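Asker: What follows is each chain in one-letter form.
There are 4 protein chains.
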Amino acid sequence: MCGVFGVFGHKEAANLTYLGLYALQHRGEESVGIASFNGKQLSYQKGVGLVSDVFDTARLKKLKGYCAVGHNRYSTTGSSVAENIQPIMVNHRKAPVVVAHNGNFTNTYELHRALEKEGAIFHTTMDSELIIHLLAREKSDDLKEKLIRALSQIKGAYSLVMMLGDNLIAARDPRGYRPLCIGKLHNAYVVSSETCALDLIGARYVRDVAPGEIIKINSQGLQSIHTLQSSQHAYCIFEYIYFSRPDSNIFGHNVYQVRKDLGRNLAREFPVQCDFAMPIPDSGNYAAVGFIQEAELPFEWGMIRNHYVGRTFIQPSQITRDFRVKVKLNPISDVLKDKNIVIIEDSIVRGTTSKIRVKTLREAGAKQIHMRVSCPPIRYPCFYGIDFPTKKELVASSKTVEEVGRFIGLDSLCYLSLEGMLATMPHKPCEFCTACFTGNYLEKPKKGVKKNILELLRR
Amino acid sequence: MCGVFGVFGHKEAANLTYLGLYALQHRGEESVGIASFNGKQLSYQKGVGLVSDVFDTARLKKLKGYCAVGHNRYSTTGSSVAENIQPIMVNHRKAPVVVAHNGNFTNTYELHRALEKEGAIFHTTMDSELIIHLLAREKSDDLKEKLIRALSQIKGAYSLVMMLGDNLIAARDPRGYRPLCIGKLHNAYVVSSETCALDLIGARYVRDVAPGEIIKINSQGLQSIHTLQSSQHAYCIFEYIYFSRPDSNIFGHNVYQVRKDLGRNLAREFPVQCDFAMPIPDSGNYAAVGFIQEAELPFEWGMIRNHYVGRTFIQPSQITRDFRVKVKLNPISDVLKDKNIVIIEDSIVRGTTSKIRVKTLREAGAKQIHMRVSCPPIRYPCFYGIDFPTKKELVASSKTVEEVGRFIGLDSLCYLSLEGMLATMPHKPCEFCTACFTGNYLEKPKKGVKKNILELLRR
Amino acid sequence: MCGVFGVFGHKEAANLTYLGLYALQHRGEESVGIASFNGKQLSYQKGVGLVSDVFDTARLKKLKGYCAVGHNRYSTTGSSVAENIQPIMVNHRKAPVVVAHNGNFTNTYELHRALEKEGAIFHTTMDSELIIHLLAREKSDDLKEKLIRALSQIKGAYSLVMMLGDNLIAARDPRGYRPLCIGKLHNAYVVSSETCALDLIGARYVRDVAPGEIIKINSQGLQSIHTLQSSQHAYCIFEYIYFSRPDSNIFGHNVYQVRKDLGRNLAREFPVQCDFAMPIPDSGNYAAVGFIQEAELPFEWGMIRNHYVGRTFIQPSQITRDFRVKVKLNPISDVLKDKNIVIIEDSIVRGTTSKIRVKTLREAGAKQIHMRVSCPPIRYPCFYGIDFPTKKELVASSKTVEEVGRFIGLDSLCYLSLEGMLATMPHKPCEFCTACFTGNYLEKPKKGVKKNILELLRR
Amino acid sequence: MCGVFGVFGHKEAANLTYLGLYALQHRGEESVGIASFNGKQLSYQKGVGLVSDVFDTARLKKLKGYCAVGHNRYSTTGSSVAENIQPIMVNHRKAPVVVAHNGNFTNTYELHRALEKEGAIFHTTMDSELIIHLLAREKSDDLKEKLIRALSQIKGAYSLVMMLGDNLIAARDPRGYRPLCIGKLHNAYVVSSETCALDLIGARYVRDVAPGEIIKINSQGLQSIHTLQSSQHAYCIFEYIYFSRPDSNIFGHNVYQVRKDLGRNLAREFPVQCDFAMPIPDSGNYAAVGFIQEAELPFEWGMIRNHYVGRTFIQPSQITRDFRVKVKLNPISDVLKDKNIVIIEDSIVRGTTSKIRVKTLREAGAKQIHMRVSCPPIRYPCFYGIDFPTKKELVASSKTVEEVGRFIGLDSLCYLSLEGMLATMPHKPCEFCTACFTGNYLEKPKKGVKKNILELLRR
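Chains as they are written, first to last, in this note's numbering: chain Z, 140 to 598; chain F, 140 to 598; chain C, 140 to 598; chain G, 140 to 598.
Think of the hints as simulated: they come from the structure by calculation, not from any bench.
Careful: at least some of the hints might be erroneous.
Any copy, or any two copies together, can satisfy a pair, since identical chains are not distinguished.
Taking lysine-lysine pairs in the BS3-like style, the calculated list, with each CA pair at most 27 Å apart, reads [to be verified]:
#1 233 to 256
#2 285 to 256
#3 583 to 233
#4 278 to 179
#5 201 to 150
#6 179 to 256
#7 498 to 179
For clarity, every value in this text was computed on a predicted model and none was experimentally measured.
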């Protein structure tokens with residue numbers, strides 16, 4: 140997963156992009172980069188780590204100009220971390236080409252093979268690099284034509300922010316898998332994965348980039364230059380469930396309100412008799428509010444979140460017990476002792492962390508422990524940008540709900556139903572991609588998932 | 140403020156101390172150090188920054204031995220950061236002397252002057268260094284006698300963890316200003332500022348070090364060697380209000396439960412008609428639970444806390460607006476729009492951050508904004524270890540409650556009464572130091588606060 | 140200028156390459172890189188700075204395999220330092236392509252323009268990158284054919300060490316501007332710019348790569364696969380005069396012996412009456428030996444070289460006088476006082492350093508100061524790899540010998556004649572490029588020097 | 140061994156000290172520090188490594204004021220590197236006390252023990268720290284009295300540069316083991332271990348600090364405040380032989396001229412029939428000039444010194460052969476092949492490096508190899524500051540000259556005689572300490588060498 144951000148027409152373009160990426164940090168923690176342009180010179184700063192690790196005042200000062208593009212990259216595997224930082228940047232025929240991409244293509248293998256045969260040299264293992272080559276091969280000097288021809292060859296998910304010469308380009312794939320919105324700050328235009336980044340810099344939300352839409356922003360203003368056609372939308376429902384920040388509006392609606400409603404529906408579907416309800420902080424905090432309002436259960440903090448857990452934590456090598464999970468949340472014995480409790484969670488992926496949490500709560504004295512999850516069981520991998528573990532590692536892919544509950548060590552476990560989830564959503568069911576719950580993929584890559592393909596292509 | 144931690148009798152002493160300091164990080168973010176001893180050689184690692192910044196696997200590996208002492212130091216002013224890292228460590232007469240100190244002395248000036256006249260050379264501007272010199276001057280070879288004579292000369296607040304030769308020493312001043320507890324892990328003894336650090340490493344809480352008590356731990360086990368007498372206890376009430384972690388037990392009681400009760404009393408004292416109640420996350424989260432239970436108001440998340448705010452945040456230099464406060468919490472317009480709300484906070488110090496928060500909530504659409512604070516107005520500085528700003532900067536020191544409310548921009552502001560606060564506490568009122576609220580100091584330094592004194596003494 | 144080095148068939152390939160580059164450090168101080176291959180995986184380590192700055196034990200350990208290619212890069216201008224480190228490395232059609240290049244092409248502009256039009260994307264401003272693209276465009280699967288076709292398109296100077304799949308390739312342009320030799324260490328083959336690198340690792344010198352020759356080394360051994368034809372050799376005479384190490388043999392002959400002979404001829408052409416002769420250490424040390432033997436003058440150390448001058452030297456910003464030259468050599472007043480001296484130098488480029496040296500010697504008490512230079516005046520830039528300053532900055536380009544002597548502040552200045560220089564050489568005059576002395580270029584780029592071209596091409 | 144440097148009365152005091160330490164780098168490569176004072180505030184910068192590693196523009200800028208003291212420290216053993224950087228600096232009774240020391244005390248053990256008994260706390264394992272404590276214990280406010288009393292208690296070798304309040308103090312032990320001189324630059328005074336540092340900054344040499352003399356420099360100018368009496372001088376003769384830079388004047392005379400004379404006497408004492416003479420560069424370069432003038436042998440460079448050897452050199456771990464010696468000097472086969480040669484060296488310590496050099500020369504083809512050394516065999520350790528290896532490691536301590544020659548692999552080996560050495564010296568024999576050659580110590584520590592004592596005292 141990734142976060143993309145761009146600014147055109149502000150003398151602090153790179154500083155605003157830094158702030159935007161800080162707000163979008165949850166979309167990608169592995170690496171970060173910002174490219175900026177002042178009409179003559181392209182500046183670039185990037186690094187492995189969080190926005191706060193990579194950027195300091197000195198580096199920001201080097202990023203001159205009124206136009207900037209930034210990118211947060213999610214954790215991937217392998218040795219290729221440093222070379223896979225985005226935005227990708229090259230100079231081609233004396234003009235800068237900068238690409239920041241959120242999503243994954245599904246025809247990577249076919250495109251890569253064809254281009255390399257013609258002599259194209261690839262420097263990264265990211266599908267995003269294909270865009271650069273597709274654009275470079277187009278002989279036309281017309282920007283619109285070039286973009287339409289290049290993007291038409293790509294299948295899959297992309298929310299793109301690009302700099303082509305003196306233009307900021309925003310584009311979204313025809314199905315609209317990933318969010319992308321436009322804001323305005325004074326005379327400057329801003330493009331961002333989520334609205335929380337607009338909020339931070341004080342930009343006004345204008346509208347979303349429509350699925351399939353290509354937008355050009357330059358000194359003449361904003362222009363929607365084309366919309367690629369598609370029969371069906373496929374908004375990622377997991378953005379609402381888990382991925383986006385609760386204070387963002389995506390696909391036009393507030394994420395926190397959706398999560399609260401999921402919690403409310405969950406309480407209706409699966410009521411429970413308990414001493415109190417508690418969230419796993421902070422992931423369960425939002426559904427929990429809807430849950431307690433509907434269930435009329437007291438709310439308690441049964442576990443306290445350590446404020447410093449975003450920081451590096453060394454697991455001392457000789458100590459056998461793993462403290463990595465425990466350091467994040469500490470149960471309060473005085474609260475839990477001899478109580479029957481229900482835990483609210485937003486989702487379960489591997490189930491291993493939940494298992495440790497439940498064990499810790501039992502050790503702190505909790506009697507009955509029930510869990511309510513505000514989405515259905517996740518059973519299938521994502522080919523459109525969410526870095527789920529492989530199918531094998533998804534606990535619900537091979538276990539029934541009852542088995543998952545036993546695995547975690549619960550007295551009862553209930554997941555919100557698919558219908559219950561879709562009923563809460565602010566769009567029609569057919570507009571969502573729910574493949575991670577149902578396995579119904581609209582398009583699927585021929586040869587496995589992307590990262591494996593490209594790593595293989597290079598060996 | 141500071142956190143202290145020590146281990147005796149465990150082959151992973153330094154690793155456990157690392158974990159302990161990680162859990163006590165909130166007590167001091169400026170610098171950190173760990174000294175360890177294997178019976179022959181003393182190892183030492185320290186640095187400026189958080190525990191997670193300073194320690195990595197390689198540094199931890201260098202800390203050998205069964206005994207370790209660690210310290211987290213709170214932010215202070217000036218250029219002296221690097222030389223003022225604790226624990227203080229010297230070799231004296233072939234034996235290691237290691238001191239980790241939480242608290243502040245009130246007779247620093249007198250002691251420093253007298254010792255320097257006799258030829259003592261000071262290397263830091265910390266009052267804690269006095270202990271080293273007082274111990275070195277004692278000619279007796281009897282450890283107990285030495286400790287009693289040295290500590291008897293000191294006035295003020297200290298919770299100490301020390302290594303003297305092959306002994307781990309824990310000591311607490313006769314009034315017991317700061318917490319200090321003892322735990323046990325298998326055959327090892329652990330000393331810690333708070334119990335949350337015992338929880339993390341899985342140690343069993345044994346008891347608190349009593350006010351005035353001096354404890355010696357070595358291969359023969361734990362021995363309480365002496366208790367310095369005092370007429371009156373003076374537990375810091377602000378540890379319950381704000382400073383300690385909610386999942387810790389201090390002075391024998393759970394902090395979260397106390398805060399919840401403070402919130403409950405607050406709702407009783409100052410009820411309010413509103414659409415919903417919301418905390419300022421995370422500081423107000425605990426009192427808010429008691430408040431909503433008593434007030435029977437709906438609970439909402441009106442602001443979302445950014446998970447990455449513990450990280451460095453660069454305020455881009457050219458941008459005039461300050462994002463440092465805004466980056467931490469983002470209001471959700473959809474929740475706040477046209478609503479009357481009450482905010483729950485644990486305390487107000489300068490008032491400047493609250494002012495910005497309220498402004499942000501208004502911009503997000505909130506109509507009426509009320510605030511309820513779960514302690515009385517803070518009006519006086521602390522001489523016993525809490526790094527409050529100077530009296531002038533404490534917003535309540537020169538303003539009435541009404542004026543503070545206007546300053547912050549509230550429709551109404553109410554503080555819990557002194558009586559209401561004391562009534563909630565699990566100890567008798569006379570056992571607390573409440574000087575920051577009342578100005579009633581049991582002992583006061585002759586010449587201003589410590590840090591100024593020592594900085595002056597060196598110039 | 141640059142140094143290139145490669146090894147095939149040794150399990151310590153990267154370690155040997157590290158040693159080789161350490162020995163070739165004088166050929167390039169700006170940046171360094173090593174790529175190694177173990178048949179499956181390509182490893183790469185690089186950095187800005189000297190070999191000793193960039194490599195440590197940890198980095199060397201990461202370079203696995205029996206085949207390695209390394210490169211030292213000379214100082215160039217501009218911001219492009221980090222991206223212009225060699226060897227250049229890409230993966231193309233699942234095989235590694237690694238290029239290390241010494242020299243400069245003269246048809247860079249034409250090749251770059253043509254390739255970019257066809258969609259090639261350039262990542263550096265080095266002409267060396269062209270080789271990669273020329274190779275990638277060749278559709279043939281035959282390595283020999285591919286290499287001949289690609290290299291035939293290039294004009295100018297190149298001594299190349301490359302890795303193509305599981306082959307180590309060595310190649311030299313048809314005129315043989317730059318040296319390149321082959322050595323053998325047990326069963327392994329080594330390719331190096333100079334023999335001093337073979338000496339260090341204990342490899343036996345086998346022979347030079349012939350001008351125009353393409354050599355393939357793999358598990359089947361060494362094979363000379365083709366020789367590109369050329370009408371005339373053009374060995375760089377400046378390699379003998381100044382650039383190569385005195386302990387190297389290049390173009391088949393020892394550099395120190397040539398320099399000693401140049402000094403001997405210099406003494407014959409321009410005898411001088413003096414108290415003693417002294418070199419400017421260390422550059423003049425070698426010609427000086429021949430000079431004193433022929434001139435029968437006493438030898439003295441009039442200036443002492445600071446052993447630490449290779450190290451960074453900060454010119455304190457507020458001090459107006461520049462210490463950068465003075466810190467290197469300190470005159471000995473006791474030796475120089477009231478003496479008439481002759482200084483031996485290998486060459487004069489800008490003349491500014493010599494001017495400061497002479498001033499320093501005068502201040503230390505020298506009476507008459509004569510200078511004898513063991514090559515003719517340098518008047519023209521080099522297009523084949525030596526980073527001379529621009530013509531304007533070459534002191535002899537616009538001044539007569541007498542004017543240069545006055546500029547430097549000498550009592551007399553004499554340069555060895557072109558004929559005198561060529562007569563000393565171990566090859567026929569027609570086999571050398573002497574363009575920097577004569578302006579007779581065999582081939583010349585259409586549009587200025589390379590670095591300007593490529594920097595322009597990107598803007 | 141160490142280098143000391145101080146400036147009073149120049150607004151660039153710290154920058155000049157940086158330059159001075161750069162020139163004195165050969166006296167100590169382990170660590171470096173500079174303290175400066177502007178009348179109000181003391182600034183301090185220090186680090187492990189060479190001057191060029193530790194200081195950059197930013198660090199130099201932080202060193203404000205008209206007075207500065209700097210120190211280069213020689214390599215010592217153990218873990219105590221970072222804490223043993225000089226100058227030592229403390230604040231005592233509101234005034235700065237800064238000490239830079241070259242030499243070693245011989246009554247360290249007695250002083251340390253007595254002071255610690257009285258409660259003094261030591262922070263380093265350097266004998267130099269004793270000075271600080273001796274000064275702090277003096278109750279008198281009179282600077283002169285304080286200095287005389289403190290220094291009178293010390294036995295052994297010291298050349299000191301100190302800052303006491305607003306005074307720069309220079310002092311030398313009564314025997315004058317180590318050099319120390321005074322220079323003047325405009326109105327500023329400069330104190331330095333050697334004159335080469337005065338040369339670099341353009342200061343005029345004024346005179347040496349006399350043995351036993353204490354000098355005070357402040358805004359009133361320079362004043363010689365006292366001279367401690369001594370019966371006999373003991374100038375370190377090894378400073379002339381090896382340690383000082385050849386371009387320095389020490390004890391009033393030029394080092395290069397002394398070394399040239401040693402070479403001349405060596406040729407007289409031990410003539411040899413050979414094809415040519417060659418130095419081991421650079422150590423033998425100076426005696427070689429005198430040797431060839433007297434012996435009338437041709438001079439040749441048989442080995443070439445690598446310019447980069449001051450830099451870190453990694454010995455790749457898996458390669459069995461050690462390249463550390465070989466990387467420094469490469470023999471030239473064309474010069475050495477079938478020749479009888481004589482090597483000139485300044486001294487032999489362990490003999491192991493010479494052994495490798497001779498082996499290398501043989502491999503390069505040399506027939507007979509003779510060696511002439513311009514000082515007698517070194518047989519005894521130094522207690523006054525030269526970090527010789529232990530007696531056991533000194534090759535000549537247990538071997539006859541003939542055995543040493545065989546060990547190294549020579550056809551003949553001759554050392555200059557003690558008489559021959561002393562006859563060349565510009566002072567009377569009785570004024571020198573020659574203990575490393577003769578074992579005649581004027582004063583000797585009771586308990587072994589210093590570094591062992593203090594390391595022991597701390598354990």
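Asker: Does each hint hold? Answer for all of them.
Answerer: Status of the hints after comparison with the structure:
Taking the closest pair of Cα atoms, residue 233 and residue 256 come within 27 Å of each other both inside a single copy (25 Å) and across two copies (11 Å). Taking CA atoms no more than 27 Å apart as the test, residue 285 paired with residue 256 passes in both settings, with 21 Å inside one copy and 15 Å between copies. Taking identical chains as interchangeable, the C-alpha atoms of residue 583 and residue 233 lie at most 27 Å apart only when they sit on different chains, with a minimum of 24 Å there against 37 Å within one chain. For the homomeric pair residue 278 and residue 179, the shortest alpha-carbon distance inside one copy (23 Å) is at most 27 Å, but the shortest distance between copies (37 Å) is not.
For the homomeric pair residue 201 and residue 150, the shortest alpha-carbon distance inside one copy (13 Å) is at most 27 Å, but the shortest distance between copies (33 Å) is not. Taking the shortest alpha-carbon separations for residue 179 and residue 256, only the inter-copy value of 22 Å comes in at or below 27 Å, while the best intra-copy value is 34 Å. For the identical chains of this complex, residue 498 and residue 179 are neighbours neither inside a copy (60 Å) nor across copies (40 Å), given an alpha-carbon limit of 27 Å.
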